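> Since chain A is already given, all that's left is putting chains P, R, Y, H, G, X and V on it; use the hints.
8 protein chains.
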Amino acid sequence: MTAQVLVLLGSASDKPVFEKAKTVFDELGIKWEVHVASAHRTPQKVVKLVESSKADVFIGIAGLSAALPGVIAAHTTKPVIGVPVDSKLGGLDALLSAAQLPPGIPVASVGIDRGENAALLAAAMLALKEPELGEKLASYRKKMREKIEADDESAQKW
Amino acid sequence: MTAQVLVLLGSASDKPVFEKAKTVFDELGIKWEVHVASAHRTPQKVVKLVESSKADVFIGIAGLSAALPGVIAAHTTKPVIGVPVDSKLGGLDALLSAAQLPPGIPVASVGIDRGENAALLAAAMLALKEPELGEKLASYRKKMREKIEADDESAQKW
Amino acid sequence: MTAQVLVLLGSASDKPVFEKAKTVFDELGIKWEVHVASAHRTPQKVVKLVESSKADVFIGIAGLSAALPGVIAAHTTKPVIGVPVDSKLGGLDALLSAAQLPPGIPVASVGIDRGENAALLAAAMLALKEPELGEKLASYRKKMREKIEADDESAQKW
Amino acid sequence: MTAQVLVLLGSASDKPVFEKAKTVFDELGIKWEVHVASAHRTPQKVVKLVESSKADVFIGIAGLSAALPGVIAAHTTKPVIGVPVDSKLGGLDALLSAAQLPPGIPVASVGIDRGENAALLAAAMLALKEPELGEKLASYRKKMREKIEADDESAQKW
Amino acid sequence: MTAQVLVLLGSASDKPVFEKAKTVFDELGIKWEVHVASAHRTPQKVVKLVESSKADVFIGIAGLSAALPGVIAAHTTKPVIGVPVDSKLGGLDALLSAAQLPPGIPVASVGIDRGENAALLAAAMLALKEPELGEKLASYRKKMREKIEADDESAQKW
Amino acid sequence: MTAQVLVLLGSASDKPVFEKAKTVFDELGIKWEVHVASAHRTPQKVVKLVESSKADVFIGIAGLSAALPGVIAAHTTKPVIGVPVDSKLGGLDALLSAAQLPPGIPVASVGIDRGENAALLAAAMLALKEPELGEKLASYRKKMREKIEADDESAQKW
Amino acid sequence: MTAQVLVLLGSASDKPVFEKAKTVFDELGIKWEVHVASAHRTPQKVVKLVESSKADVFIGIAGLSAALPGVIAAHTTKPVIGVPVDSKLGGLDALLSAAQLPPGIPVASVGIDRGENAALLAAAMLALKEPELGEKLASYRKKMREKIEADDESAQKW
Amino acid sequence: MTAQVLVLLGSASDKPVFEKAKTVFDELGIKWEVHVASAHRTPQKVVKLVESSKADVFIGIAGLSAALPGVIAAHTTKPVIGVPVDSKLGGLDALLSAAQLPPGIPVASVGIDRGENAALLAAAMLALKEPELGEKLASYRKKMREKIEADDESAQKW
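Protein chains in written order, with this note's numbering: chain A, 1 to 158; chain P, 1 to 158; chain R, 1 to 158; chain Y, 1 to 158; chain H, 1 to 158; chain G, 1 to 158; chain X, 1 to 158; chain V, 1 to 158.
A few of these clues could be false.
Computed cross-link-like contacts, BS3-like style, restricted to lysine-lysine with a CA-CA straight-line distance of at most 25 Å [to be verified]:
#1 Y:143 / P:45
#2 V:142 / X:54
#3 V:45 / A:48
#4 R:48 / A:142
#5 H:147 / X:22
#6 H:157 / X:147
#7 R:129 / Y:129
#8 V:45 / P:143
#9 G:157 / G:136
#10 V:157 / G:54
#11 G:142 / Y:45
#12 H:136 / X:45
#13 Y:129 / R:54
#14 P:15 / Y:54
#15 R:143 / H:48
#16 Y:54 / G:157
#17 Y:157 / P:45
#18 R:20 / H:15
#19 P:48 / R:143
#20 V:48 / P:142
#21 A:45 / X:147
#22 P:142 / A:45
#23 P:48 / Y:147
#24 A:45 / X:142
Honestly, the hints are just simulated from the structure, not real lab data.
Note that the structure is predicted; figures quoted are calculated from it, not measured.
Bound conformation, chain A alone:
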């Protein structure tokens, strides 16, 4: 079974953010592979994982000076999603590191600690060649809307 999405975490401590992504992957039936691999502490491992991967989309989850998504993007022309993690400064350091890439090397940054959005964004990309995934995304949104409708119904008793 080949993973469609390769997820790299800069540190095992980023696991809670990954788990938000995992929940989405499993709900949508997306095949994923995860590795703890740091752009700073195991750089060769990152390069090897990226270059040998058959995945269509890459996700880098990291805090502080979040170089991981940018380093992944440096070694592939496939789409790379960055998830900045709040470790210090409310995650502002990680957001700026993940988003402010130089011209030529794009990273798709989602919001701070937004693992689920990284997974949904990956799904949207994969759906470009796998139309049934687009239908699953539409269902996912429908459920989300229904959840908000239910919340709204509850709110009528506030």
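Structure of chains P, R, Y, H, G, X and V alone, referenced to chain A:
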């Protein structure tokens, strides 16, 4: 001719950022369509453009409270790229508005004023179903590397 | 009974900020209606609620990339109040999203998590055509002053 | 002729921001009165102007530690709009000073240097008791939409 | 007994910051008077307290849009010390509001939540005409140095 | 002639900020002495100047990591005023360095580039033992008010 | 036994950050000496410790307006490492104070609360003349990589 | 001739910051080598340059998401200096990216655009095994002090 990428600008003043994207699109042979359409000033137009579009990828370019990419994402499950534009506060307001989306609605934010990266990210997504685009991206990177090698050669005379 | 103020919350988790507003509304006898409706997750619902409402004033309470008040303002020329909620970055992302609207679409932003001030601001607007509400606001301030006078009296024993 | 809106500027150097408001007032036929009056340098004058004014809406335009709108709000229960001006730090100091008011004293902050939005917000408030102003606001928006449509038409030649 | 320093708190919730000042005042034998008086909620009280005070130095302690020290300074030419309090955004809003005064109206801002430093700064000012206070300040510093020397001695066992 | 105020500049490039102070000193008849002396580059000189000075008030003007006012305060118990200078980051680095002193060592920080306010604050301190200076300050304020009144008169023609 | 690294803490409360450094020193066999000595509260002690030290590398650990590393650097031409400590504002004040030194006085700032990185950086410097330390650093990294490999193995069960 | 310091620039546009370093190197007689090599655009080149270099100290100069110094540090245990460059947001993005490294991989960050300080810090490190360089650094500081003394002399005529 159907556009592969639909680009919306929140204001005609965002044109210079769009032009960076256009240069990349034209170099890579990607079919694009552009519209000035504001999430705040012409919201119905944004919705209509997004919902009627056959494009595979959407890009929203906007400054200040850059709601445009998030509003596009609210009306499609296709991938949406946000380009925050520096209008006030160095673009920090636009970056936070473009990146800090709520769970469930992903936007792929690139860096402040990074129109070229939005186009490259769109290309990476399109390449998932159009392999020759991946080759063009690889060539693009090769040229970029050669440019840096040339810069490095010049640097030997500094 | 027609609501004078329509309050929209981007998420049910914003309830504590809404409750500060509710306390003020009930004290001043202002008729309100509340809905959970997200600019990103249920955009059509937001538009429908706003366009069908007979309310005189609108309030949008939201965190992160707080597009809600701006999207409300995009669909009405009635006054719209934005309440940024602290979810990440101390609420700076929401404040900038709520306040930094483009020319032409005004949003009246109050401070982070300041639900009570949103309600008081709405009251001040409604008082323009309902003078007795102005008197109630004057009484409210008087009580507030008396509270501070009492605090000051306690302080004399510090 | 009684002014409907009283505009106070913390400094004569804030004139360019006021002029954006004036253009809107004159287009919508709103009667305004303007004074240079500083919360810090001429505090009594501010109090006297506010307390003696018959205006329905107040606007305070100020940079740096922009106390002016909050001080106006301290002396009236009428709606008060704050316009933070970029003088240092990109206007972040003024925005936080204008928006982060304590519970009980609401200020409606618009974006940095957004004089036109202050005027439009004042118009929306005045329209609560003057319905024809609401129609003028609708026309204003229509023109704005047409301007963006024209911009979009031009964009088709980019 | 006439107070040498008049301390105003924008809110009773600022008491912990005041208590740091009180400890210093009592240790140095400085006569103080404290009042809860808000620049926004009881502005006349602030003006009356300041204008009727015989104190030599004023201290304003406030959070959020901390207008209090600036408003005190607007009504006296005596030295005014501002103490920004952390209520939101880590106190950055209060620091900018307290420090970024316009030309002509100086406020002496100390650090966020630094009540003790406000008291020490007041003491340094009062010592200009009361030399024995300068000696007390020198003793205070000596004790502080001794405390650090003791800490350093403990550190030799780390 | 003994200087009443000793002004230290961290760099000759801070001269424009000093000149705002000088104008005030000369208008109020305050005797000043100025030195370029850096906390980082000529630390002994700073210590020597501070310890040998008979001045009643010290002012440190510096940009970047503005250690100068804090270092002055470390060597005197006289009041020390800090003037953060905008050199990078809009002066935010200098403001935080000047204001965020540890407990026990107070610095009176004024706003970014606010040399005139440093001089006025020094004057307010000196006036504690030199009452006629208080009268001069009152006159200074009166002129300032008249200037604003004149500005307001001009504004009636806007 | 002469210390190779002299570590100064601005306050005993910075001990937890120091302990991260101590663990590294002890693991690598680096001789260290620690003192609590404040740039603001015991400035002469700082100068005396620095000028009399035979250490090859200096580390200053401090929060708030973290002048300590810069003041150390002002008194030695040996390499000085700064460790900003999070005390207020998430440590942003300390980071800017530690990093934004003026031209001519370099400080090597590591990240907020990163005591271990300060020790590793000191080790890297000492290794320039003590090659076996370089080997220990290589071993340290190897262990770090093995730790991440083990984490990655665990991740395969997530 | 073997370079003692290897300087990498993320982009040829960082040249002005490099030139500040070069001036210091040439004045102190330090042998340097420079290359334009981007962590994102030519990652293999960075790795190859670092791993094959015999230099004792490395400097990475980069703007935006300044991954370069961290990536250099990931491939060597020699000391690595980071120079954040102001390209967007006043250089705050680059400073946070350069300084906020994870535990285990230290980077010595100097201030924004501070090329000269990077060179001086490298010199201080090299002086650990080359004592005459320490003397040159002492002379450099002496000249710097004399420059400030001369500035101070000029200031006596202000």
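> Would you mind marking each hint as holding or not holding in the structure?
Status of each hint after checking the structure:
1. Of the pairs offered as hints, the one joining residue 143 (chain Y) and residue 45 (chain P) holds, with about 15 Å between alpha carbons and a cut-off of 25 Å not exceeded.
2. Proposed proximity of residue 142 (chain V) and residue 54 (chain X) is supported: the alpha carbons are some 21 Å apart, at most 25 Å.
3. Taken as a hint, the residue 45 (chain V) and residue 48 (chain A) pair is honoured in the structure, with Cα atoms around 16 Å apart against an allowance of 25 Å.
4. At most 25 Å may separate the alpha-carbon atoms for a hinted pair to count; residue 48 (chain R) and residue 142 (chain A) meet this at roughly 17 Å.
5. Between residue 147 (chain H) and residue 22 (chain X) the CA atoms are separated by roughly 23 Å; this keeps the pair inside 25 Å, and the hint holds.
6. A threshold of 25 Å between alpha carbons decides the hint, and for residue 157 (chain H) with residue 147 (chain X) the separation of about 31 Å lies outside it, so the pair is violated.
7. Our distance criterion of 25 Å between C-alpha atoms is met by residue 129 (chain R) and residue 129 (chain Y), whose separation comes to about 5 Å.
8. With a C-alpha separation of about 15 Å, the suggested pairing of residue 45 (chain V) with residue 143 (chain P) holds against the 25 Å cut-off.
9. Taking the CA atoms of residue 157 (chain G) and residue 136 (chain G), the gap is near 32 Å; set against the 25 Å cutoff, the hint is violated.
10. The suggested pairing of residue 157 (chain V) with residue 54 (chain G) holds, with an alpha-carbon distance near 21 Å, which does not exceed 25 Å.
11. For the given pair, residue 142 (chain G) sits about 13 Å from residue 45 (chain Y) by alpha-carbon distance, which is consistent with the 25 Å threshold.
12. Between residue 136 (chain H) and residue 45 (chain X) the CA atoms are separated by roughly 22 Å; this keeps the pair inside 25 Å, and the hint holds.
13. With a CA separation close to 14 Å, the supplied pair residue 129 (chain Y) and residue 54 (chain R) stays within the 25 Å bound.
14. For the given pair, residue 15 (chain P) sits about 45 Å from residue 54 (chain Y) by alpha-carbon distance, which is inconsistent with the 25 Å threshold.
15. A hinted pair counts as satisfied when its Cα atoms are at most 25 Å apart, and residue 143 (chain R) with residue 48 (chain H) qualifies at roughly 19 Å.
16. The hinted pair formed by residue 54 (chain Y) and residue 157 (chain G) meets the criterion: a straight-line CA distance of about 21 Å does not exceed 25 Å.
17. At most 25 Å may separate the alpha-carbon atoms for a hinted pair to count; residue 157 (chain Y) and residue 45 (chain P) meet this at roughly 19 Å.
18. Restraint check for residue 20 (chain R) and residue 15 (chain H): satisfied, since their Cα atoms lie roughly 23 Å apart, inside the 25 Å limit.
19. For the hint linking residue 48 (chain P) to residue 143 (chain R), the alpha-carbon distance of about 51 Å lies beyond 25 Å, and the restraint is violated.
20. As the CA atoms of residue 48 (chain V) and residue 142 (chain P) are separated by approximately 17 Å, the hinted pair is consistent with the 25 Å bound.
21. For the proposed pair residue 45 (chain A) and residue 147 (chain X), the alpha carbon gap of about 13 Å is at most 25 Å, so the pair holds.
22. Restraint check: the Cα-Cα separation between residue 142 (chain P) and residue 45 (chain A) comes to about 23 Å, which is no more than 25 Å; the hinted pair holds.
23. A C-alpha spacing of about 18 Å is found between residue 48 (chain P) and residue 147 (chain Y), which places the hinted pair at or below 25 Å, so the restraint holds.
24. For the suggested pair residue 45 (chain A) and residue 142 (chain X), the alpha carbons sit about 13 Å apart, so the restraint of at most 25 Å is met.
Taken one by one, the earlier hints fail for this structure at numbers 6, 9, 14 and 19, listed in ascending order.
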